[in-house]
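K.L.:
The lines below spell out each chain.
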Amino acid sequence: MAHGAGGKATQTLVESVFLRRLGNPVLDRLEDAAELVAGGARLAFTTDSYVVSPLFFPGGNIGDLAVNGTVNDLAVQGATPMFLSAGFILEEGFAVEHLERIVASMAEAAAAAGVQVVTGDTKVVQRGGADGCYINTAGIGTMVPGVHLSIASVRPGDVVLVSGPVGEHGVTVMLARGELNIEADVTSDTAPLSGMVAALLRAVPGVRALRDATRGGVATVLNEIAKAADVSVVVDEVAVPVRPPVRGTAELLGIDPLYVACEGRMVAVVGPDDAQTALDTLRSHPGGEQAAIIGRVAADPPGLVLLNTVFGGTRIVDLLVGDPLPRIC
Amino acid sequence: AEIGGVGSTVRLRVRVEGIVQGVGFRPFVHTLATKLRLAGHVGNDVSGVFIEVEGPVETVEEFLAALRRLAPPLSVVDRVATEPMPPTDTRGFAIVASDRAGTAATLISADSATCADCLRELDDPADRRYRYPFINCTNCGPRFTIVRGVPYDRPLTTMAGFPMCPACTAEYHDPADRRFHAQPTCCPDCGPALVLRDAAGSPLPGDPIAGAAGALRAGRILAVKGLGGYHLACSATDPEAAGRLRSRKHREDKPFAVMVPDLATARRLCEVDPVSEALLVSRAGPIVLMDRRGNGGVAGPVAPGNRALGVLLPYTPLHHLLLRHAAGPIVLTSGNVSDEPIAYGDTDAATRLAPIADTFLTHDRPVHVRTDDSVVRAFRDRPMLLRRSRGYAPEPVRLAWDTPRPVLACGAELKNTFCLARGRHAVVSQHIGDLENYPTLRSYAEGIEHFRRLFDVTPAVIAYDPHPEYLSTKYALEHEVTDRVAVQHHHAHIASCLADNGHPGPVIGVAFDGTGYGTDGTIWGGELLIADLAGFTRAGHFAPVPLPGGAAAIRHPWRMAVAYLDSAFAGAPPDGLDLLRRHDGSWRQVAALGRGGLNSPPTSSAGRLFDAVAALIGVRDTANYEGQAAIELEQRTDRAEDGAYRAGIEPGEPLLIAGVDLIRAAAADLTAGVAPGIIAARFHNGMVDAIVRACAVLRDASGLATVALSGGVFQNLLLLDRAVSRLSAAGFEVLTHSRVPPNDGGISLGQAAVAAALDRA
Ligand SMILES: [Fe+3]
Ligand SMILES: [Mg+2]
Ligand SMILES: [Zn+2]
Ligand SMILES: [Zn+2]
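If you're matching them up, the sequences are chains D and Y in order. So in my numbering, spot 109 of the first sequence is number 109, and the numbers just go up one at a time. So in my numbering, spot 754 of the second sequence is number 1754, and the numbers just go up one at a time.
Calculated from the structure, these hints are not laboratory results. The model shown is predicted, which means the values in this text are computed figures rather than measured ones. Take these hints with a grain of salt, some might be off.
[Unchecked claim] The calculated label-pair distances, taken between Cβ atoms and stated as ranges, are:
no.: 1; chain 1: D; residue 1: S150; chain 2: Y; residue 2: G1345; range: 33 to 39 Å
no.: 2; chain 1: Y; residue 1: P1203; chain 2: D; residue 2: R283; range: 43 to 49 Å
no.: 3; chain 1: D; residue 1: L36; chain 2: Y; residue 2: Y1625; range: 52 to 58 Å
no.: 4; chain 1: D; residue 1: P244; chain 2: Y; residue 2: G1297; range: 42 to 48 Å
no.: 5; chain 1: Y; residue 1: G1597; chain 2: D; residue 2: V26; range: 38 to 44 Å
no.: 6; chain 1: D; residue 1: E92; chain 2: Y; residue 2: V1674; range: 55 to 61 Å
no.: 7; chain 1: D; residue 1: G312; chain 2: Y; residue 2: P1239; range: 55 to 61 Å
no.: 8; chain 1: D; residue 1: P244; chain 2: Y; residue 2: R1248; range: 57 to 63 Å
[What the hints assert, rightly or not] Stretch by stretch, here's where chain Y covers chain D in the computed footprint (C-beta under 8 Å, at least three residues):
no.: 9; segment: 245-253
no.: 10; segment: 261-271
Beta carbons are placed, not taken as given, at the ideal position from N, Cα and C, and that holds for glycine.
Using the sequences and the hints, build the whole thing.
P.N.:
Spelled out as structure tokens, the structure:
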């Protein structure tokens, strides 16, 4: 299976295998978290598995990643994260002190996000059966009353924002693998978005959609929006915030920061009249100082993300099928 | 058909297919039949020309023979079918109305440069079209760029909005007139009109041509609406104007083409060999690349550091008038910013070109299909198309084989063309461009629909490149069709060369280009294939090196030099290389990136090896346009040097050519102080030598003695010429490109040829 890189191949896998056999009205929506009604309460429920390599990297480790990732999936669905589960798959011989560092980070992240880990599981597999430590977390939150976020509700004229500079987590992890001997001042952006989302929803209850830009980066999120809402998303290249060391490292690696994973950044889409309020709210929230309006939604061409380049061109930012391969001849 | 006995009267129904509409075919038939005193009629329908002809059997036979032999200059007769009918004993020969029923199988003529008759009228003060910039006739003028549908009649062209005046109507209906049924017929009273505007869109007073020429002489930048879209023009002798155009267009180094008033001026600028001369004056009117003679007064920024210059002659009356007033050659380059497609809609042009042009010379005849200028170069005794567009498209490339079910070939990603093939015709589209530009992707999708309607083809097979990220691939996979065929990029290059030459293979295919998706998921580009139309085996290739940073390594040739040095010297390149000094801060990281494999797919690309050598010897570290480093390496070569580096060839299936050997030799010469021009020559000669030796090994193994050379690398005439000479001397028959480009513009034809071959099998 060559389904690692995210993007179109994963999407095909999900559609052809999982939806075909497990599909139901809730799952079929393929939102970051499922919205459920249970016992009269509107709940959001999500799960995610974490297999990052290396396990420790500047700015974080697999532990806070596993908490923040699931917290963020709940938050961008318009839920207040409440409870998490944590399942560990450990490779035989995995150092206990490493595990302790990981779990300590999880505790800190959970406290920061205001959630509790309420159930868990541990399995140990033989050497080579796993790469050190894998974590699965699931999370439950209560939906913020009156809020209905859906990328399908995005419409022409809407404004697209990001909550901070992009590409930091992905670039950090690539460098942390250590093969390149590149010294760069980059750290993962792993952080909970729940506080920022709550502030935004208070200021702009009519937010159309939120998505955390994880695997496949902002470019993938924008493509999901364009396809789900059958609209065009037009991004201004110069408006996308990228920290200079990230830009420099991405240039060296030959990768486009728009496609690089973030773990503490979200894309927000709001109506045109809410754009300034949304921007101000994000910027005044800790971690959102560099939030920016990066583009607009248009009717045409439906399903495509376009980038207005520095030179005045209009480039298509497509969903990647697999690893990026040069198309230049 | 069976025709009756001597002296008897017969009547035949005759169908003529090919390019027979809008080219004066009906008046020709009318004149011929009248001269032979035959009765009957002629008309157009969606599949060509229909004729009924009646008279003595010998005369009717004479008529049929002349039909092909004396056909008008712009026509191409593909097929003449006859069927006997009972004689009706009517008299006279008539031209009858077009029949629009049925399916469209007729072919559309390409746009054609102004003919000598029209030029005479243009210069004749007594003629009613004296100095009229839209003069045209049956033998010349706009065609493909104004056609909206078939049959080719005025209402289905962009001339529909110009009702003809009585004088034009009379000419249009007179079978003896040169404008009989010439759809774009017009005159100053009824046709399009020129207007000169400032950048804000306000009309400027006075004669538009004189005003435009004045603006050029004053060093201003002029947007000119031509046949297939807008151009940007400036004086070619004014370095400041040319420099200004460069900076406003964001086009740093890529050469501009120059339009000259006449052949004599072309000769002052360039060495015009007979093939190039024929191309310059041809009705296609392409840009012809020729070696320069000194600088000929052309300003430095026009084609910086280039041995060759692209020259074209005026091909519309508008250009003729402009060049006469402009007093000297002018730069005529695509009306766009950077790599965007050229503007062809008036509103779009006014918006997009306003920041570039000071003045607009425009008119009210719409362009229906965006069409760039074609680019061609003489190679030995043949033309070699480098960009096949205006003046050539959409005339079909005739195939030496049948295409049983209609094929749509989707082409590549850059320099895209698509191709619709049916029967023995492959209609290759005009140059579409780089698909990742949204407006280009749009003209691609719209162009395919337009061609499907024009030629009434519903493809049963879609052929495409298996590169997962090509937008043409995604187009192919999204469209409903009976069958889909993925055609590997370099197989398509070789099949394109076979189709170009009417050769079915098998051959030894040498496909050298920048990048193409390989069947193993790596990036190919220095390939030796044993190929026929239906299939191939990868018989040899350059030993792969990493492409450090993917596309970034293509934009920055110095990275390729680092990757090659890292491979050639096992991580410890020799001291003192200037390249490594220039990139002291980052070369180790790039080498590590390649070694680690992150975003660094292995590549066997020959184009990247040229890049590496170019950067290594200090020609260029960063490319501002596709192929720039390799082009400048060729320019730099000392042509008198005949030494050659030797690349090891490791036998096997596939055999492996050690590009690192060439790098090692170049680095050694560089360290020893050998001049870059000599190193460049020894490298070129080494590439030729490797091709010849590898082909010899493959000939021994396969018994094949024909070599097909394709891929963008063979636009390098030094390499091509020496490869052809050496291969011929070694007893090989050598196939090279002529009708379609060796670069990715030819990929769609190759894909169509492969799909057709698989369909026949
Ligand atoms: Fe190619
Ligand atoms: Mg998730
Ligand atoms: Zn004419
Ligand atoms: Zn008229």
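K.L.:
So, for every hint listed, does it hold in this structure?
P.N.:
These are the hints, each one checked on the structure:
1. For the pair S150 (chain D) and G1345 (chain Y), the beta carbons lie near 37 Å from each other, so the given range of 33 to 39 Å is met.
2. Restraint check, P1203 (chain Y) to R283 (chain D): a C-beta distance of roughly 48 Å satisfies the suggested window 43 to 49 Å.
3. Separated by about 56 Å at the C-beta atoms, L36 (chain D) and Y1625 (chain Y) satisfy the suggested range of 52 to 58 Å.
4. For the pair P244 (chain D) and G1297 (chain Y), the supplied restraint of 42 to 48 Å holds, since their beta-carbon distance comes to about 46 Å.
5. Between G1597 (chain Y) and V26 (chain D) the C-beta distance comes to about 40 Å, which sits within the given range of 38 to 44 Å.
6. Distance hint for E92 (chain D) and V1674 (chain Y): a CB-CB separation of about 60 Å, consistent with the stated range 55 to 61 Å.
7. A C-beta distance of roughly 25 Å is found between G312 (chain D) and P1239 (chain Y), which places it outside the suggested range of 55 to 61 Å.
8. For the hinted restraint 57 to 63 Å between P244 (chain D) and R1248 (chain Y), the CB-CB distance of approximately 29 Å leaves it violated.
9. With a threshold of 8 Å between beta carbons, the proposed coverage of the segment 245-253 of chain D by chain Y holds, since 3 of its residues qualify and at least three are required.
10. Under the rule that three or more residues need a Cβ within less than 8 Å of chain Y, the assignment of the segment 261-271 of chain D is violated, with 0 such residues.
Checked against the numbered hints given earlier, the structure breaks hints 7, 8 and 10 and satisfies all the rest.
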